[in-house]
Amino acid sequence: MLGPVLTWWNGLSKRRKVRFWRGASYVVFALVLVGIVVMVDWGRVVDTMIRPDLVGEQFPKIITIAAKNTVIFTVLGFSGGLAIGLMLALMRLSQSKPFRWASAIYIDVVRGIPLLVWILLIGLGIPIALGIRVPGAYGPGALALSIVVGAYMAETIRAGIEAVDRGQMEAARSLGMSYSRAMIWIILPQAFRLMIPPLTNEFVLLLKDTSLVSAIGVTVTSKELTRWGRDGVIHSANATPLVVAGLVYLALTIPMTRFVARLEKKAARSK
Amino acid sequence: MTKALEIRQLHKYFGDLEVLRGIDFEVDEGEVVCIIGPSGSGKSTLLRCVNRLEEPTRGTIVIEGQDITDPDTDTDDVRRRIGMVFQRFNLFNHLTVIDNVTIAQRKVLGRSKDEAVKIGMENLERVGVADKADQYPRKLSGGQQQRVAIARALSMNPDMMLFDEATSALDPELVGEVLGVMRNLAEEGMTMLVVTHEIGFAKGVADRVVFMDGGVVVEDGPPSKVLFDPEHERTRNFLRMVLEED
Numbered sequence: 276m277l278g279p280v281l282t283w284w285n286g287l288s289k290r291r292k293v294r295f296w297r298g299a300s301y302v303v304f305a306l307v308l309v310g311i312v313v314m315v316d317w318g319r320v321v322d323t324m325i326r327p328d329l330v331g332e333q334f335p336k337i338i339t340i341a342a343k344n345t346v347i348f349t350v351l352g353f354s355g356g357l358a359i360g361l362m363l364a365l366m367r368l369s370q371s372k373p374f375r376w377a378s379a380i381y382i383d384v385v386r387g388i389p390l391l392v393w394i395l396l397i398g399l400g401i402p403i404a405l406g407i408r409v410p411g412a413y414g415p416g417a418l419a420l421s422i423v424v425g426a427y428m429a430e431t432i433r434a435g436i437e438a439v440d441r442g443q444m445e446a447a448r449s450l451g452m453s454y455s456r457a458m459i460w461i462i463l464p465q466a467f468r469l470m471i472p473p474l475t476n477e478f479v480l481l482l483k484d485t486s487l488v489s490a491i492g493v494t495v496t497s498k499e500l501t502r503w504g505r506d507g508v509i510h511s512a513n514a515t516p517l518v519v520a521g522l523v524y525l526a527l528t529i530p531m532t533r534f535v536a537r538l539e540k541k542a543a544r545s546k
Numbered sequence: 036m037t038k039a040l041e042i043r044q045l046h047k048y049f050g051d052l053e054v055l056r057g058i059d060f061e062v063d064e065g066e067v068v069c070i071i072g073p074s075g076s077g078k079s080t081l082l083r084c085v086n087r088l089e090e091p092t093r094g095t096i097v098i099e100g101q102d103i104t105d106p107d108t109d110t111d112d113v114r115r116r117i118g119m120v121f122q123r124f125n126l127f128n129h130l131t132v133i134d135n136v137t138i139a140q141r142k143v144l145g146r147s148k149d150e151a152v153k154i155g156m157e158n159l160e161r162v163g164v165a166d167k168a169d170q171y172p173r174k175l176s177g178g179q180q181q182r183v184a185i186a187r188a189l190s191m192n193p194d195m196m197l198f199d200e201a202t203s204a205l206d207p208e209l210v211g212e213v214l215g216v217m218r219n220l221a222e223e224g225m226t227m228l229v230v231t232h233e234i235g236f237a238k239g240v241a242d243r244v245v246f247m248d249g250g251v252v253v254e255d256g257p258p259s260k261v262l263f264d265p266e267h268e269r270t271r272n273f274l275r276m277v278l279e280e281d
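First to last, the protein sequences are chains X and U. In terms of my numbering, the first sequence opens at residue 276 and continues consecutively. In terms of my numbering, the second sequence opens at residue 36 and continues consecutively.
What the hints contain is simulated information worked out from the structure, not anything from laboratory work. Don't take every hint at face value.
[As the list claims (entries may be wrong)] From chain X, some residues computed to sit far from chain U (all C-beta separations above 12 Å): (1) Ser449; (2) Met452; (3) Arg456; (4) Gln465.
[To be verified] Derived pair list, reagent style DSBU-like, types lysine-lysine, alpha-carbon separation capped at 30 Å: (5) Lys238(U) <-> Lys541(X); (6) Lys38(U) <-> Lys174(U); (7) Lys142(U) <-> Lys153(U); (8) Lys167(U) <-> Lys372(X).
[Stated by the list, open to error] From the structure, some residues in chain U lie toward chain X, with a derived Cβ separation under 10 Å: (9) Phe60; (10) Arg87; (11) Leu88; (12) Thr110; (13) Gly118; (14) Asn125; (15) Ala139; (16) Lys142; (17) Val143; (18) Leu144; (19) Arg146; (20) Tyr171; (21) Arg187; (22) Ala188; (23) Leu197.
Virtual Cβ for every residue (Gly too), placed ideally from N, Cα, C.
Using the sequences and the hints, build the whole thing.
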């Protein structure tokens with residue numbers, strides 16, 4: 276019985292074989308899709324995950340409080356991370372061995388421990404152990420984000436500085452500028468121009484990572500999107516608030532991701 | 036009289052490689068000295084030692100009576116008084132032409148913006164690119180960029196100018212305009228140390244020509260002697276090769 280099928284198959288050209296497999300995979304894909312649509316109880320899904328009245332209840336506060344706080348954490352973490360990252364990058368490039376080592380150790384240690392652990396350490400561990408609390412409703416979360424983002428950004432910034440032609444530093448030094456003056460006025464402005472696409476990318480990643488701040492205590496007014504959604508789920512015994520929070524994240528990240536893609540295309544063209 | 040530049044027994048190693056093997060030579064105030072020689076002869080390294088872009092391994096360099104190889108010497112202060120022009124221009128790409136010629140005046144010499152712009156414009160006029168003041172370097176031709184680089188160095192009022200193969204990266208038709216500016220500068224009495232492949236320029240402008248090979252000064256004298264009646268076989272071979280190219 277297999278005989279004629281095999282003969283037919285072997286008689287096909289390479290191109291037709293490829294087309295056959297492509298067609299077969301489309302059929303399987305469509306069957307899975309239809310299966311999901313048929314088998315899932317849509318009424319129940321809508322009722323537990325995007326119940327219209329609960330969706331309505333989220334607004335406007337999910338924007339005016341939660342999304343606003345997500346953006347605040349992102350901006351604070353990004354600025355702090357940029358400052359720490361710049362310092363680490365300059366230490367990494369310095370002539371001084373202790374500085375280079377300190378920077379390398381910081382980067383490895385911080386990146387080797389999950390962000391959530393840093394957030395819990397700074398938000399819960401240190402207050403309990405030492406009785407010290409980072410001040411401000413945003414303080415502990417923003418600090419933890421800065422510390423970790425700084426370690427990741429350090430490499431981006433170092434690569435940006437190293438991508439600036441060596442002749443720029445030589446020309447600046449030959450005019451009598453000190454190393455730091457040359458760095459500030461000549462090298463960094465050009466390095467940051469090169470770093471705009473990777474840094475914007477870092478910003479998008481950070482925006483999503485602020486989600487982890489939800490693990491430590493927050494006041495009602497400093498809840499970010501994930502905490503907002505989670506508390507909403509517990510309060511209403513319904514997944515809708517978290518689903519809406521997810522959609523708000525998407526509304527923030529997709530435009531930025533598109534923007535990065537355009538920047539990268541532009542950067543690639545100008546090379 | 037104090038010499039503009041005195042070099043004594045200068046040695047420079049890159050790792051195990053001895054690039055400069057005991058250089059001795061002097062430059063008088065207002066003198067134009069051209070350094071010629073095959074690539075790898077150490078002439079660019081010598082030039083870069085003079086403003087300490089390269090750290091000499093051994094030996095002394097004295098500029099107007101000041102030993103700049105002394106560890107206590109303020110290197111930035113030395114460089115401020117020596118202008119340098121590079122093969123690849125090295126204009127600051129993120130700054131306009133006028134900002135290129137004013138930034139060091141303002142950040143290093145502390146001149147006011149108005150004063151720096153006034154001096155910068157004078158120097159841009161001197162090299163013939165004042166009309167490009169508001170452009171970015173990438174919009175300029177190589178010859179124009181190099182002339183801006185000369186104006187940038189001159190705006191610091193240097194006592195001496197170093198030219199490191201200033202015309203080697205230029206398209207042939209643009210070489211003349213840069214050499215012209217250098218010629219004017221020499222006629223105005225600037226002390227100049229010029230590493231170059233332009234034998235014609237050395238012949239017409241230099242007070243002295245130095246031939247370097249293998250990290251040593253092989254020959255040092257007036258152009259008429261070094262270029263037309265050299266004592267050493269190595270110099271003759273080099274000149275024959277260079278002149279055949281033209």
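These are the hints, each one checked on the structure:
no.: 1; hint: Ser449; in the structure: violated (4 Å)
no.: 2; hint: Met452; in the structure: violated (6 Å)
no.: 3; hint: Arg456; in the structure: violated (6 Å)
no.: 4; hint: Gln465; in the structure: violated (5 Å)
no.: 5; hint: Lys238(U) <-> Lys541(X); in the structure: violated (49 Å)
no.: 6; hint: Lys38(U) <-> Lys174(U); in the structure: violated (41 Å)
no.: 7; hint: Lys142(U) <-> Lys153(U); in the structure: holds (16 Å)
no.: 8; hint: Lys167(U) <-> Lys372(X); in the structure: violated (44 Å)
no.: 9; hint: Phe60; in the structure: violated (21 Å)
no.: 10; hint: Arg87; in the structure: holds (9 Å)
no.: 11; hint: Leu88; in the structure: holds (6 Å)
no.: 12; hint: Thr110; in the structure: holds (8 Å)
no.: 13; hint: Gly118; in the structure: holds (8 Å)
no.: 14; hint: Asn125; in the structure: holds (4 Å)
no.: 15; hint: Ala139; in the structure: holds (4 Å)
no.: 16; hint: Lys142; in the structure: holds (6 Å)
no.: 17; hint: Val143; in the structure: holds (5 Å)
no.: 18; hint: Leu144; in the structure: holds (8 Å)
no.: 19; hint: Arg146; in the structure: violated (13 Å)
no.: 20; hint: Tyr171; in the structure: violated (12 Å)
no.: 21; hint: Arg187; in the structure: holds (7 Å)
no.: 22; hint: Ala188; in the structure: holds (7 Å)
no.: 23; hint: Leu197; in the structure: holds (8 Å)
Checked against the numbered hints given earlier, the structure breaks hints 1, 2, 3, 4, 5, 6, 8, 9, 19 and 20 and satisfies all the rest.
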